[in-house]
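**Q** From first to last, the protein sequence lines stand for chains A and B.
Per my numbering, the first sequence starts with residue 87, numbered consecutively.
Per my numbering, the second sequence starts with residue 9, numbered consecutively.
A portion of the hints provided could be inaccurate.
No farther apart than 25 angstroms at their CA atoms in a straight line, the calculated lysine to any residue pairs in the SDA-like style are these [stated by the list, open to error]:
1) A/128 - B/97
2) A/143 - A/118
3) A/128 - B/11
4) A/144 - A/131
5) A/128 - B/78
Simulated from the structure, these hints should not be mistaken for laboratory data.
The residues making up each chain are set out below.
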Amino acid sequence: QQQVKQSPQSLIVQKGGISIINCAYENTAFDYFPWYQQFPGKGPALLIAIRPDVSEKKEGRFTISFNKSAKQFSLHIMDSQPGDSATYFCAASKGSNYQLIWGAGTKLIIKP
Amino acid sequence: SAVISQKPSRDICQRGTSLTIQCQVDSQVTMMFWYRQQPGQSLTLIATANQGSEATYESGFVIDKFPISRPNLTFSTLTVSNMSPEDSSIYLCSTGDRTGRVRGYTFGSGTRLTVV
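Here chain A stands alone, though its shape is the one from the complex:
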């Protein structure tokens, strides 16, 4: 019940295309859903996050779509660029517990 399932494991997208990464959770107590971006040799960096009281959040080319009834959320990267090539992690946490439950990660490659 604590798991966050992420797919796909890897993704190749042409430059200018839309990259979509999906996550699913089971614990309805989760109330914070961030996405992290990690480049090789670096720690993860917060990209965008959403709470379950909204269905979508957009920041520049990055959008989170949230489906509370399906217990799913996804990251959409519009106009994908080679600089977006990285590993992306979804995560979830609940209440005042700061502990993040992590997805398995998606290695994204944007082909020029």
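Add chain B to chain A, keeping to what the hints say.
**A** Positioned in the frame of chain A, the structure of chain B alone reads:
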């Protein structure tokens, strides 16, 4: 958000020895966490470093193997003790704090440890 300096960035160590990793934050933070990440894998939480009290360890991790110190709100260390090749991994420290509705989790760049 907080800025974290983690060192060393990488090290190659002999089996049976210990390595202490330092994590310095540029501001006071409530929560500090230590993670392990195998290359190409997700993050596994080792423990939560509590200021003024013992760290809280996750299942599969013990204090004798991974002693943690948190002497103040800006600094923590993780020691990997009596190392074996299975301890080769990337170790990351992270802070967690709250500003309004935003929960900030900032990561250091990690320590890439190789045990030979």
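**Q** Would you mind marking each hint as holding or not holding in the structure?
**A** Here's how the hints hold up against the structure:
1. A/128 - B/97: The given pair, whose Cα atoms are some 14 angstroms apart, holds under the 25 angstroms limit.
2. A/143 - A/118: At roughly 13 angstroms apart (the allowed maximum being 25 angstroms), residue 118 of chain A and residue 143 of chain A satisfy the hint.
3. A/128 - B/11: Roughly 13 angstroms between the alpha carbons, so the hint for residue 128 of chain A and residue 11 of chain B holds.
4. A/144 - A/131: holds, 17 angstroms
5. A/128 - B/78: Judged against 25 angstroms, a Cα distance of about 23 angstroms means the pair holds.
Checked against the numbered hints given earlier, the structure satisfies every one of them.
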